[in-house]
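Chains as they are written, first to last, in my numbering: chain E, 1 to 199; chain H, 1 to 199.
Mixed in with the good hints there might be a few duds.
Note that the list lumps identical chains together, so a pair holds whenever it fits in one copy or between two copies.
[To be verified] Computed cross-link-like contacts, SDA-like style, restricted to lysine to any residue with a CA-CA straight-line distance of at most 25 Å: (1) K83 <-> R197; (2) K46 <-> S119; (3) K59 <-> A124; (4) K46 <-> I184; (5) K59 <-> G32; (6) K59 <-> Q144; (7) K83 <-> A198; (8) K49 <-> I184; (9) K59 <-> R114; (10) K49 <-> G97; (11) K49 <-> D34; (12) K46 <-> R116; (13) K46 <-> G117; (14) K46 <-> N118; (15) K46 <-> G76; (16) K49 <-> R82; (17) K83 <-> R129; (18) K59 <-> R129; (19) K49 <-> L189; (20) K46 <-> F93; (21) K49 <-> R197; (22) K59 <-> E105; (23) K83 <-> R123; (24) K49 <-> A89.
Hints listed in this document are in silico derivations from the structure and should not be mistaken for laboratory results.
Below are the chains, spelled out letter by letter.
Protein chains: 2
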Amino acid sequence: MSTSGVPTRRGRPGYDQQGVLDGAVELFNLHGYDATTMDMVAAHLKLSKGALYHHISSKEQLLELALDRALGALEGVLADSRKLGDAAARLEFLMNGAVDVLARELPSVTLLLRLRGNSAVERAALDRRREFDARVTELIAEAQSDGTIRRDIDPGAASRMLFGMLNSLTEWYRPDGSGDGPRIAADMLTVALDGLRAP
Amino acid sequence: MSTSGVPTRRGRPGYDQQGVLDGAVELFNLHGYDATTMDMVAAHLKLSKGALYHHISSKEQLLELALDRALGALEGVLADSRKLGDAAARLEFLMNGAVDVLARELPSVTLLLRLRGNSAVERAALDRRREFDARVTELIAEAQSDGTIRRDIDPGAASRMLFGMLNSLTEWYRPDGSGDGPRIAADMLTVALDGLRAP
DNA sequence: GTCTATAAATGGATAGAC
DNA sequence: GTCTATCCATTTATAGAC
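Go ahead and model the full structure; you've got the sequences and the hints to work with.
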């Protein structure tokens, strides 16, 4: 099954739902969800509005599908991190995994990070995100007990600063095929752990 | 002249423009600019829409006024930083000043950081913001030459990571009168410069 | 699976009375 | 300075033909 937006069923023209979703999310991130109209989405896909609504049931369904994708990926990394031993290893795995998800699922995560809670769908996604944040804070507190993370910063504040930096990726990182993703991920972890000051 | 939203002209009821602006920006940040209707703004101020338009000429003017306030404050800190001597001192002043502006002008800066460039007003503000970012990157490059800031990170990336962390304040810091602002500012500079790792 | 046409509701903004 | 009433463009979504 294709997730690239290019239809795969042999001989059949037109979009599948994933292709419609990818095009819509691209526009949502370009102009913001609220400022993007279904006319714009249809034009972007070179479809009429009637044809667009053949693939999806509502504008909000597009948002819901994208948010579930982003949250599923982040929660997956969190679940995988639980398999590791000490807090330091779990935190490092989580930081790496989060940057990886941000880069790989940039469109859907970008959408997630801009939510304001204007509908039931948005509020449900924000709840799931808060749950994720709470788990990260717990992990940081544990790593502080271990002596891995500095103890002079409140774990909640540390978690927000860490993900404030990581999440800013959605505002400036644009994959360009140059393969610089791993380098930027490594740089972010360096700065998050050791700071900007010259050693 | 009051900037608190509470009218000051003796005996005269009703709002001045600043009061209307403050109420509107509060709603813009709560729901997003595009998702906020002028009906909502009027209801929030306990005014009719007709009365609301007596104080301002358009929804976009409210946005423009708020963005100018945010950008003016940030550009002011940048201008003041130029009075200092070496790059290290100027960068430290700028980091402190930026956190201070973020906290003091939280509503208008929050609005600025969420822009998507959907209109001429938004694009002009984004241009001013890019100019600010370019100056920060220059300053970081200079501090790298001085040996103050680590040289193994690209100055543009370092600038984005730094302000990614600082700007995240708009997503979680809520002044509560407890006077914890200076503490949080100091913590952010500690983490930005020396990292989260236990010393 | 796509199209045109249109329904139904909402949005920004204005008119004119008080 | 505020109100009610209204205009007109836009928006989400559906109907029904091909």
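These are the hints, each one checked on the structure:
1. Only between protomers do K83 and R197 lie at most 25 Å apart by alpha-carbon distance; the minimum there is 22 Å, versus 34 Å within a single protomer.
2. When the C-alpha separation of K46 and S119 is checked against a cutoff of 25 Å, the pair qualifies only between copies, where the shortest distance is 23 Å, while the shortest distance within a copy is 28 Å.
3. With identical chains, the CA atoms of K59 and A124 are at most 25 Å apart within one copy only, with a shortest distance of 16 Å there and 30 Å across copies.
4. In this assembly of identical chains, K46 and I184 lie within 25 Å of each other by CA distance neither inside one copy nor across copies; the values are 35 Å within and 49 Å between.
5. In this assembly of identical chains, the alpha carbons of K59 and G32 lie at most 25 Å apart whether taken from the same copy (13 Å) or from different copies (17 Å).
6. In this assembly of identical chains, the alpha carbons of K59 and Q144 never lie at most 25 Å apart, being 44 Å within a copy and 48 Å across copies at closest.
7. Taking the shortest alpha-carbon separations for K83 and A198, only the inter-copy value of 24 Å comes in at or below 25 Å, while the best intra-copy value is 35 Å.
8. When the C-alpha separation of K49 and I184 is checked against a cutoff of 25 Å, the pair qualifies neither within a copy, at 40 Å, nor between copies, at 49 Å.
9. In this assembly of identical chains, K59 and R114 lie within 25 Å of each other by CA distance both inside one copy and across copies; the values are 17 Å within and 21 Å between.
10. Taking identical chains as interchangeable, the C-alpha atoms of K49 and G97 are never at most 25 Å apart, the minima being 38 Å within one chain and 49 Å between chains.
11. Taking the shortest alpha-carbon separations for K49 and D34, both the intra-copy value of 17 Å and the inter-copy value of 22 Å come in at or below 25 Å.
12. When the C-alpha separation of K46 and R116 is checked against a cutoff of 25 Å, the pair qualifies only between copies, where the shortest distance is 23 Å, while the shortest distance within a copy is 29 Å.
13. For the homomeric pair K46 and G117, the shortest alpha-carbon distance between copies (23 Å) is at most 25 Å, but the shortest distance inside one copy (30 Å) is not.
14. When the C-alpha separation of K46 and N118 is checked against a cutoff of 25 Å, the pair qualifies only between copies, where the shortest distance is 21 Å, while the shortest distance within a copy is 29 Å.
15. For the homomeric pair K46 and G76, neither the shortest alpha-carbon distance inside one copy (35 Å) nor that between copies (46 Å) is at most 25 Å.
16. Taking the shortest alpha-carbon separations for K49 and R82, neither the intra-copy value of 45 Å nor the inter-copy value of 54 Å comes in at or below 25 Å.
17. Taking the shortest alpha-carbon separations for K83 and R129, only the intra-copy value of 21 Å comes in at or below 25 Å, while the best inter-copy value is 43 Å.
18. When the C-alpha separation of K59 and R129 is checked against a cutoff of 25 Å, the pair qualifies only within one copy, where the shortest distance is 21 Å, while the shortest distance between copies is 31 Å.
19. Within a single copy, K49 and L189 get their C-alpha atoms no closer than 44 Å, and across copies no closer than 50 Å, so neither meets the 25 Å cut-off.
20. Taking the closest pair of Cα atoms, K46 and F93 never come within 25 Å of each other, the shortest separation being 42 Å inside a single copy and 51 Å across copies.
21. In this assembly of identical chains, the alpha carbons of K49 and R197 never lie at most 25 Å apart, being 54 Å within a copy and 53 Å across copies at closest.
22. Taking identical chains as interchangeable, the C-alpha atoms of K59 and E105 lie at most 25 Å apart only when both belong to the same chain, with a minimum of 20 Å there against 34 Å between chains.
23. In this homomeric assembly, K83 and R123 never come within 25 Å of each other (Cα to Cα): the closest approach is 30 Å inside a single copy and 46 Å across copies.
24. Proximity of K49 and A89 under a CA criterion of 25 Å is satisfied in neither setting, with 49 Å inside one chain copy and 57 Å between copies.
Consistency with the previously given hints fails for numbers 4, 6, 8, 10, 15, 16, 19, 20, 21, 23, 24, ordered from lowest to highest.
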